[in-house]
Amino acid sequence: MIRNYFKTAWRNIRSNRLYSLLNIAGLAVAMTACFMLLLYVHFEMSYDHQNEKLDRIYQVYTNFGNNNEWTASSTTPVQVADVLKKDFPAVEKAAVTNGPGKVLFSAGEEQARLETLFASASLAEIFTFRFLPGSTPHIPADASSVVISRSTAKRLFGKKDAIGQTLRYDNKRLLKITGIFEDLPVNSSLQFDAVVPWEVLVAEEPSTAEQGWYNYGYSTYLLARENADIASLDKGVGNILLQYDNNKNNKLFIYPFAKVHLYDEFKNGLPDGGRIRLVRLMLIMAAGILLIGCINFMNMSTARSVKRAREVGVRKAIGAPRKSLIMQFLGESVLMATTAFALALAMTGVLLPVFNRLLQLQLTIPYENPLVWLTAAGVVVLTGGIAGSYPAFFLSSFQPVKVLKGSITGAGKASVKPRQALVVVQFTFSICLILSSIIIYRQVQYVKDRPLGYQNEGLIEFLPEGNLYKNFEAFRREAIQANAIVDGTVSGSGINESFGSTWGVTWPGQVAGEEKLIISQMATSYHFVSTMGLSLAQGRDFSEAHPSDSLAVILNQAAVKMMRLEHPLGQTIRWQGENRHVVGVVNDFSFNNPFDLSKPMVIGFKKDWIGNITLKLNPGRPASESLAKLDRIFEKINPGYPFEYHFTDEIYARKFHAEQMLGNLALAFTLLSVLISCLGLFGLAAFSAEQRQKEIGIRKVLGARVGSIWLSLSREFIALVVIAFVIGATASSYIMQQWLLKYEYHTGVSPLVIMTTFALALVICLLTVSFQAIKAALTNPVKSLRTE
Amino acid sequence: MLELKGIFKWVNTGGNRVFLLKDVDLSVKEGEFISIMGPSGSGKSTLLNVIGMLDDFNEGEYTFLHEPVHTLKEKHRSALYKQYIGFVFQAYHLIDELTVYENIETPLLYQDIKSSERKALVADMLDRFNIVGKKDLFPTQLSGGQQQLVGIARALIAKPRLLLADEPTGNLNSKQGEEIMELFSQLNKEGMTIIQVTHSEKNASYGTRTIHLLDGRIDN
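Protein chains in written order, with our numbering: chain A, 1 to 788; chain B, 1001 to 1220.
FYI, nobody ran anything at the bench for these hints, they're computed from the structure. Treat the hints with caution; some may be incorrect.
Unchecked claim - Over the 12 Å line for every Cβ pair with chain B, so calculated as not near, a few chain A residues:
no., residue
1, 15
2, 163
3, 271
4, 536
5, 538
6, 612
7, 748
Claimed, not checked - In silico lysine to any residue, SDA-like type, Cα no more than 20 Å apart, as pairs:
no., chain 1, residue 1, chain 2, residue 2
8, A, 402, B, 1012
9, B, 1082, A, 322
10, B, 1075, A, 393
11, B, 1075, A, 321
12, B, 1119, A, 4
13, A, 7, B, 1135
14, B, 1159, B, 1012
15, A, 85, A, 244
16, B, 1082, A, 157
17, A, 516, A, 576
18, A, 323, B, 1080
The C-beta atom is built at its ideal place from N, Cα and C for all residues, glycine as well.
Okay, chain A solo, but in the shape it has when bound:
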């Protein structure tokens, strides 16, 4: 019996090559998309799962209170880990870390800036690091050792055994490599190339140990004992700041490390989703695309029901029970789904690298994981089941007498309504995606086109290291003399980020309570405005000619507006505990999130808050020449450090990464869903033209022109697209409106976008349908009438 089904199924597939091809291809494309999305979801969901004790690991967070508003942050004071160990029996281990950040390491001639984490030894007892054979399998607790990752060892020592070798840390201290750990998986929240013992940090910066409770610059992790009462532990941790620092403003809490990646956003101190939303979106997309593929399948199978109706009639007349017919059709669609699956597997293999590039991921197909195959089998059976269900139940319900007696065409017509509904569902989804893609791209473009407020061409930046802290002015002077740069400045951070923010700023005419407002700040010395190319609205840059500038500030216009200063120049404001006078006002410029409206900023003169050097390359010279000169000057003034830098405009461009990724993703899946929908539409149009062959023949004999036949064939599909458009456009404009509201600086859903989407959908539909319609219209009527 089964063999008979398969035979019929296979021969049916072969005898209707075009339909079968469209059908299987559509399903395969849908499955491919679905699989890739599921791989991504799997990747995100298995974040940090390499840690064997993941369910007992917690990270300590701080909720900063301000005006009854809580801001959660994953940092704590340095002392918290010790307190946890001392006061909380429920805590098995606790570790403090700092970083990771770039630190220069040298092994003889080889030099590399490694992503370095400073960590206490217990970190390796909380998290799972896989040390290679020959290693001392833990993080050392002395000031003369270091552990590095496998790829770092290869980079620095090649094939030589790295264990026992020494590395020079930041051109200062010698550290012996005691262990090599396996590279961390890509989907690990902790990412670093080297772990330097906490003792090294204390030895290099003795202040670390005596740090006050005010410095929330460290990360604290803990491993809870098995069966520990987490709620009471959290409550206890919440009292630490009050108990040790008498701090009533801020409060610590513990957060499961398993949630750190996916649930990474907080609102008013409480978890508020985060990346999980993207993961859910991906799941919805996966389901949606698969559904579109299934709908195609159902559509085409039912369209072909006319051809199959006779077979059903015959089978019923010779004794086939309905159940066995249902089984037959379901079997057929499962067979097709299996074929599509094989195809999808091959396509996934080919397309995964493209997908990875698009999303900047490193997904792989876990062939060895039985769960994956089980999921795949599930998808196939489900797809076959869903896709085959409609034709199966529909076809098997035919009355043999009717179909055999020639009222066969009725069978085709009866299925038109549900098929139309399916096409509408399909196009609704496609139109939603088209509209969303356009809006995402427009929003990104809108923000990119926004004036920066500074000149980022030819700006490079790097960290001050070694001698540069003291000798920056000499370096700058020499570089300008060599015509390599036209200007340069040191500041707390690059222009793309503020140097944090502060509160407690006061100004003349301030209303009570306003001193609690959070204001962005930038610490800088001379040449900041000129190097960045900021435009001054009033006043001047800091200048060596005015010794009093060491107690001066520059404001941006948003700050002036917020402070309601009519004549800002010369006014005294209090910033960082000092009274300072305003010497200049700059026009607003972009920093931090380019999607935000301009935020108030205080640019304060603070020579010792140095974290970044920015240089303006000489625009009259080729950049490569200037950079070569800079390399030589750098080498001379700061020997032992390689000259590495970033272009400021590239740093800026990276801020669009998430949105661009979303845009690329939306575009990719728009194309896919449109492609699949078109395959379906193409098949239906072919069917419709075939079914109306006789009608077209008669019309032509009566004198109808090609144009009018084309119109009469295309009309029904255009109507469907219009309906789908109304539903899809309404739904997605609403959703995208919500999405846009996430951004302070955003474009709107303009009627133009909606009209463009409509035109696009219509053109796509017409192109697909017209091929068949025109082909049918051009057929010689004698032929189609004779075959009747």
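Dock chain B against the given chain A, drawing on the hints supplied.
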């Protein structure tokens, strides 16, 4: 073997009730070969379908092998007809995707007959109709007469007691038609009860009894 009493069948079109069968009484004995004749639209095929349980009727009683068909549930009815009735169609209605062999075998699949037994039965049938050489061909590769032979072989494979044929020679040329009718009368001699619908007096003459239908009524 079977008895129809006061069978009515109608359809409603617009406000009118159109009668397809009107008060049909018919009794068929085992071993008869009956021809149903009448002009187009007189209800011949409808009557045949009612007898074959492919079609319902609205009023009357139908007893088939002592079973009151009109009171039976769908499931019973289909079991009954699966076991006792074979169908031959004017347009042959073979399944295009299956070979001759597979077409003949299909009814046995629906009766859950074992594979070895199926093989023997199909081989017998191929032998009997002299189409062993064609068993691997597909219907479209055969002439009309040959297709109808396959259709008959398929109808007979499950050893029915009643063979129903709806204009079995309608699509055939006269020589092919003659051969089929010879086959029918041979089957009848072997004890098969046959009811056929036909337009041709000549074909009707092969039978043991002819029933004339006019406007859904038996017209004798």
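**Report entry** Given pair status - residue 322 of chain A, residue 1082 of chain B, alpha carbons within 20 Å
**Finding:** holds, 13 Å
Query raised in the report: Taking C-beta pairs only, is residue 538 of chain A more than 12 Å away from all of chain B?
Result: Given a closest Cβ separation of 87 Å, the condition holds.
Query raised in the report: Should the label of residue 612 of chain A as a non-interface residue stand, given a Cβ cut-off of 12 Å to chain B?
Result: holds, 74 Å
Query - 12 Å Cβ clearance of residue 748 of chain A from chain B - result: holds, 57 Å
Query raised in the report: Does the claim that residue 15 of chain A lies off the interface hold, with its Cβ farther than 12 Å from every Cβ of chain B?
Result: Contrary to the label, residue 15 of chain A does not stay out of reach of chain B, its closest Cβ about 7 Å off (not over 12 Å).
Query raised in the report: Any Cβ of chain B at or closer than 12 Å to residue 271 of chain A, or is the non-interface label fine?
Result: Per Cβ check, residue 271 of chain A is outside 12 Å of chain B; nearest 58 Å; holds.
Query raised in the report: Does the claim that residue 163 of chain A lies outside the interface with chain B hold up, using a Cβ gap greater than 12 Å?
Result: The claim stands: residue 163 of chain A keeps its Cβ more than 12 Å from every Cβ of chain B (closest is about 68 Å).
Query raised in the report: CA of residue 7 of chain A to CA of residue 1135 of chain B, is that 20 Å or under?
Result: Distance ~16 Å between residue 7 of chain A and residue 1135 of chain B Cα, so the pair holds.
Query raised in the report: Holds or violated: residue 1075 of chain B with residue 321 of chain A, Cα cutoff 20 Å?
Result: holds, 9 Å
Query - Distance restraint between residue 323 of chain A and residue 1080 of chain B, which requires alpha-carbon spacing of 20 Å or less - result: holds, 17 Å
Query - chain B versus residue 536 of chain A - minimum CB to CB distance exceeding 12 Å, so not interface - result: holds, 83 Å
Query raised in the report: Holds or violated: are the alpha carbons of residue 516 of chain A and residue 576 of chain A at most 20 Å from each other?
Result: Given that 20 Å is the threshold and the Cα spacing comes to 13 Å, the pair holds.
When held up to the earlier numbered hints, the structure conflicts with 1, 14, 16 and fits the remainder.
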